[in-house]
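S.K.: In case you want the letters, here they are:
Number of protein chains: 2
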Amino acid sequence: MRRFTFFLVAVATAGLAVLIGPARGHADGQSAPYVTDIPNGYRDWQWISSAHEAGNLNSLGAVLGNDVAIRAFRAGKLPFPDGTIIAALHYRNVPSEENNKVFGQAQSFVPGAPTNIQFMVKDSTKYAATGGWGFGHFADGKPGDATFMKSCFPCHEKAKGSDLVFTRYAP
Amino acid sequence: MRRFTFFLVAVATAGLAVLIGPARGHADGQSAPYVTDIPNGYRDWQWISSAHEAGNLNSLGAVLGNDVAIRAFRAGKLPFPDGTIIAALHYRNVPSEENNKVFGQAQSFVPGAPTNIQFMVKDSTKYAATGGWGFGHFADGKPGDATFMKSCFPCHEKAKGSDLVFTRYAP
Numbered sequence: 032m033r034r035f036t037f038f039l040v041a042v043a044t045a046g047l048a049v050l051i052g053p054a055r056g057h058a059d060g061q062s063a064p065y066v067t068d069i070p071n072g073y074r075d076w077q078w079i080s081s082a083h084e085a086g087n088l089n090s091l092g093a094v095l096g097n098d099v100a101i102r103a104f105r106a107g108k109l110p111f112p113d114g115t116i117i118a119a120l121h122y123r124n125v126p127s128e129e130n131n132k133v134f135g136q137a138q139s140f141v142p143g144a145p146t147n148i149q150f151m152v153k154d155s156t157k158y159a160a161t162g163g164w165g166f167g168h169f170a171d172g173k174p175g176d177a178t179f180m181k182s183c184f185p186c187h188e189k190a191k192g193s194d195l196v197f198t199r200y201a202p
Numbered sequence: 032m033r034r035f036t037f038f039l040v041a042v043a044t045a046g047l048a049v050l051i052g053p054a055r056g057h058a059d060g061q062s063a064p065y066v067t068d069i070p071n072g073y074r075d076w077q078w079i080s081s082a083h084e085a086g087n088l089n090s091l092g093a094v095l096g097n098d099v100a101i102r103a104f105r106a107g108k109l110p111f112p113d114g115t116i117i118a119a120l121h122y123r124n125v126p127s128e129e130n131n132k133v134f135g136q137a138q139s140f141v142p143g144a145p146t147n148i149q150f151m152v153k154d155s156t157k158y159a160a161t162g163g164w165g166f167g168h169f170a171d172g173k174p175g176d177a178t179f180m181k182s183c184f185p186c187h188e189k190a191k192g193s194d195l196v197f198t199r200y201a202p
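So the protein lines, in turn, are chains X and H. Just add 31 to wherever you are in the first sequence, counting from 1, and you've got the working numbering. Just add 31 to wherever you are in the second sequence, counting from 1, and you've got the working numbering.
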């Protein structure tokens, strides 16, 4: 969500109407490497937290982590070790008509259509130019293009105090 | 979230100011058995979906499932088999000041203080009187009392078409 938002804010600033391009390369001549392959098995990972972005983004989703990520979050140790992968699964925030009928008012919101999946992959060597993190963004299985991916690091860099990770572990 | 809401709506209707009582028994003379022990390891389970309740509930959280639950959700087969356990982890829906500073507006919401954890445990014999499901509600580790727990089944019964489960699996 936070990553999602940061991406979208950056994209909106750039005035791009379409978020996803056909580029599949690891990097272009001007940008650092980014994640171009969806990590295997991410949907089976454990839950770190949920998040909701109100307003135009209108997003609801979850942040999951691989075993390395979960151990690091629970231990509360920074920086995250190499091998950490964090996945942010984003969906449209939609009302649940079924629930709202029961409540008699529009109060329940659930994940609707998937919008994108984003990843942070820690590899302090490969991604040295972007704080040790590789950033990934996929919509319909296709990675964001190089121009789009350039917007990730500058935003995440603002979270230096937590090793560029905005999400906190929900107990 | 949905379960949380149903509980709270029922409780509000009953005019109860305090949700959690000291009762630890399996049932009283008038109600069906309910879940009085927190299932082991639920925080390690896989993610089924997230949910947000707006309005007075102001809740944000996640629904997790044990292996039996996850397999059943993914297969889309009903009814859920005995052994299914579904956990709903609820938190206050709070703004993320950290994120909002970056965005320049209040749009990011994250889980705040935990409010309660709820469970649905499928055992078609033990919980035959409540559609095969045992319902559990825990706040600060303490189960809801018998009066409170009576409100679960009547609401969940409205979801007969999905074996009393309101949550859908997020892809």
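No wet-lab data here; the hints were simulated from the structure. Heads up, a few of these hints could be off.
Given that identical chains are not distinguished, each listed pair holds provided it fits within a single copy or across any two copies.
To be verified - DSSO-like, lysine-lysine: derived pairs with alpha carbons at most 27 angstroms apart:
1) K157 with K132
2) K132 with K189
3) K132 with K108
4) K132 with K181
5) K108 with K173
6) K132 with K173
7) K191 with K132
8) K108 with K189
For clarity, every value in this text was computed on a predicted model and none was experimentally measured.
S.K.: Give a verdict on every hint.
M.R.: Here is how each hint holds up against the structure:
In the homo-oligomer, the alpha carbons of K157 and K132 never lie at most 27 angstroms apart, since the shortest distance is 51 angstroms inside one protomer and 30 angstroms across protomers. In this assembly of identical chains, the alpha carbons of K132 and K189 lie at most 27 angstroms apart only when taken from different copies (10 angstroms versus 42 angstroms within one copy). Proximity of K132 and K108 under a CA criterion of 27 angstroms is satisfied inter-copy only: 24 angstroms between copies versus 45 angstroms inside one chain copy. Only between protomers do K132 and K181 lie at most 27 angstroms apart by alpha-carbon distance; the minimum there is 21 angstroms, versus 44 angstroms within a single protomer.
In this assembly of identical chains, K108 and K173 lie within 27 angstroms of each other by CA distance neither inside one copy nor across copies; the values are 33 angstroms within and 30 angstroms between. Taking identical chains as interchangeable, the C-alpha atoms of K132 and K173 are never at most 27 angstroms apart, the minima being 37 angstroms within one chain and 30 angstroms between chains. Taking the closest pair of Cα atoms, K191 and K132 come within 27 angstroms of each other only across two copies (14 angstroms); inside a single copy the shortest separation is 44 angstroms, beyond that limit. Taking the closest pair of Cα atoms, K108 and K189 come within 27 angstroms of each other only inside a single copy of the chain (19 angstroms); across copies the shortest separation is 45 angstroms, beyond that limit.
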